[in-house]
Amino acid sequence: MGKYKLTYFNGPGRAEVIRLLFSAAKVEFEDHRFGFEQWPTIKQEMPFNQVPVLYIDGTPLCESGAIFRYLATEFGMNGANSLQAAYIEMVHGVLHDVYSKVPYMENDAKVKKEKTTEVHQEHILPALKKIEKKFSESKRQFLVGDKLSYADLKLMNSLILTEERAPEILPQLPNLCALRDRVRNLDGVKQYLASRPISKM
Amino acid sequence: MPSYKLSYFDAYGRGEMARLLFAAAKVEYEDERFSFEEWKASYKQTTPFGYCPVLYIDGAPLCESGAIMRYLAVEFGFNGANSLQGAYIEMISGALSDMFSKLPFFEKDEKLKEEKSRAAYKDHILPLLVKMEKKFTERKCDFLIGDKTSYADIQLMQCFIIAQRYDASLLTPFPNLVALKERVAEIDGLKQYLAERNQCPF
Chain C
1 MGKYKLTYFN
11 GPGRAEVIRL
21 LFSAAKVEFE
31 DHRFGFEQWP
41 TIKQEMPFNQ
51 VPVLYIDGTP
61 LCESGAIFRY
71 LATEFGMNGA
81 NSLQAAYIEM
91 VHGVLHDVYS
101 KVPYMENDAK
111 VKKEKTTEVH
121 QEHILPALKK
131 IEKKFSESKR
141 QFLVGDKLSY
151 ADLKLMNSLI
161 LTEERAPEIL
171 PQLPNLCALR
181 DRVRNLDGVK
191 QYLASRPISK
201 M
Chain F
1 MPSYKLSYFD
11 AYGRGEMARL
21 LFAAAKVEYE
31 DERFSFEEWK
41 ASYKQTTPFG
51 YCPVLYIDGA
61 PLCESGAIMR
71 YLAVEFGFNG
81 ANSLQGAYIE
91 MISGALSDMF
101 SKLPFFEKDE
111 KLKEEKSRAA
121 YKDHILPLLV
131 KMEKKFTERK
141 CDFLIGDKTS
151 YADIQLMQCF
161 IIAQRYDASL
171 LTPFPNLVAL
181 KERVAEIDGL
191 KQYLAERNQC
201 PF
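Line by line, the protein sequences are chains C and F.
Counting in the numbering used here, the first sequence runs from 1 upward without gaps.
Counting in the numbering used here, the second sequence runs from 1 upward without gaps.
Hints in this document: simulated from the structure, not taken from any laboratory.
As the structure is a prediction and not an experimental result, all values here were calculated from the model.
Accuracy of the hints is not assured; some may be wrong.
Unchecked claim - Under the rule of at most 30 Å between Cα atoms (straight-line distance), these lysine-lysine pairs were calculated in the BS3-like manner: (1) K140(F) <-> K43(C); (2) K101(C) <-> K134(F); (3) K43(C) <-> K134(F).
What the hints assert, rightly or not - Under 7 Å between C-beta atoms, here's a sample of chain F residues computed to sit facing chain C: (4) F49; (5) D58; (6) L62; (7) G66; (8) A67; (9) Y71; (10) V74; (11) F76; (12) S83; (13) A87; (14) M91; (15) G94; (16) A95; (17) E114.
As the list claims (entries may be wrong) - From chain F, some residues computed to sit far from chain C (all C-beta separations above 10 Å): (18) Y4; (19) V27; (20) R70; (21) F106; (22) K111; (23) G146; (24) Q164; (25) R165; (26) K191.
Quick reminder that beta carbons are idealized off the backbone N, C-alpha and C, glycines included.
Could you put the whole structure together from the sequences, leaning on the hints where they help?
Here it is, written out as structure tokens:
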């Protein structure tokens with residue numbers, strides 16, 4: 001095994017920010033993805049019966065936050081000091097909270113579409129408008145500090161989902177959309193986005 | 001040192017880890033607490049995203065309980081000696097949060113609450129503690145990670161206080177973790193805070 005192996009479902013979920021960090025840092029990793037039918041077996045092998053798990057030279061690290069914050073620190077994408085790191089965690093946390101309300105596992109397409117639109121109107125748009133306001137006032141190139149952080153990667157990935165499922169809200173977020181476009185065109189990120197499996201979730 | 005104010009419900013919930021860190025570090029802060037009615041009527045609108053807790057650092061708001069907890073842990077030296085230790089500390093903290101969050105804090109029906117609590121311990125919490133006790137015993141160290149108190153040790157203490165309040169006999173299979181909890185509860189600063197703090201249902 002190389003230095004890093006990530007084990008997760010074949011979907012974005014709690015692993016996508018991790019994969020984006022490796023891509024942005026241009027660090028190689030084994031992107032082990034399994035299907036739902038394999039989960040009962042794999043679950044028993046995981047240290048806390050959960051995924052994602054990151055193997056670092058064979059030693060497992062669990063909990064998505066622990067994984068992506070560790071990698072972000074190693075790759076210089078966790079701010080310049082502890083206060084910036086705290087704001088990065090805050091923005092990522094808010095984005096995670098609001099986007100986790102999207103009914104990813106809903107099987108009825110009509111219900112899924114309706115609920116997704118509702119979640120965007122009631123939760124996602126209000127949060128993003130606040131972030132847009134602060135971001136445009138700051139006149140910065142990145143959400144926190146003056147370099148790429150995992151909060152920017154999360155923002156980009158979230159807005160890509162919104163492009164597909166609720167694009168009507170995007171005209172209210174011009175600066176965040178500009179940031180999304182800068183990040184999606186970064187070397188490393190661009191190639192990963194072009195090659196990643198399309199998610200059905 | 002900046003001036004600190006923590007703003008949260010009069011409850012443990014997502015605010016207590018910050019209070020415990022201030023206590024263990026013996027750092028002064030304003031411990032602002034409000035009721036649910038006060039939250040809805042006025043406090044909510046003053047927060048960055050309509051959530052609490054909020055930590056005001058020289059008046060500037062920081063929200064998201066994880067961000068607050070990890071910021072204070074780093075500032076006060078409770079985040080391990082390096083980034084890999086920090087990762088393992090977050091891993092344990094996350095695992096404890098995941099399992100203890102399955103407790104039915106808001107269940108109003110007493111009978112249902114008891115059933116759900118039993119199930120949460122049996123299906124989620126105790127299996128985690130079995131794994132943790134095993135690893136911790138093998139490690140032969142006084143702390144969960146590294147060689148000094150981290151916020152994972154403090155969080156374990158708080159979780160065990162909750163568990164012991166429910167049914168102390170559930171923790172008999174975990175003597176080394178219980179001993180760790182007892183040691184952490186004796187830390188100067190924490191000890192006084194634990195003796196004085198409001199007893200909250202959750």
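Structure-based check of all given hints:
1. K140(F) <-> K43(C): 28 Å, holds
2. K101(C) <-> K134(F): 36 Å, violated
3. K43(C) <-> K134(F): 19 Å, holds
4. F49: 5 Å, holds
5. D58: Violated, about 10 Å.
6. L62: 6 Å, holds
7. G66: Where the cut-off is 7 Å and the nearest Cβ of chain C is about 6 Å from G66(F), the hint holds.
8. A67: 4 Å, holds
9. Y71: 4 Å, holds
10. V74: 4 Å, holds
11. F76: 11 Å, violated
12. S83: Holds: closest Cβ of chain C sits about 4 Å from S83(F), inside 7 Å.
13. A87: Because about 4 Å separates A87(F) from the closest Cβ in chain C, which is inside the 7 Å limit, the hint holds.
14. M91: Holds. Min distance 4 Å.
15. G94: At 4 Å from the nearest chain C Cβ, G94(F) passes the 7 Å test, so the hint holds.
16. A95: 5 Å, holds
17. E114: Not OK, violated: E114(F) not within 7 Å of chain C, min 25 Å.
18. Y4: 13 Å, holds
19. V27: Given that every Cβ of chain C is farther than 10 Å from that of V27(F), nearest at about 15 Å, it holds.
20. R70: The assertion about R70(F) is violated, with a minimum of 6 Å to chain C.
21. F106: 18 Å, holds
22. K111: 29 Å, holds
23. G146: The claim holds: G146(F) sits with its nearest Cβ about 14 Å from chain C, beyond 10 Å.
24. Q164: It holds; Q164(F) is separated from chain C by about 23 Å at its closest Cβ, greater than 10 Å.
25. R165: 24 Å, holds
26. K191: The assertion about K191(F) holds, with a minimum of 27 Å to chain C.
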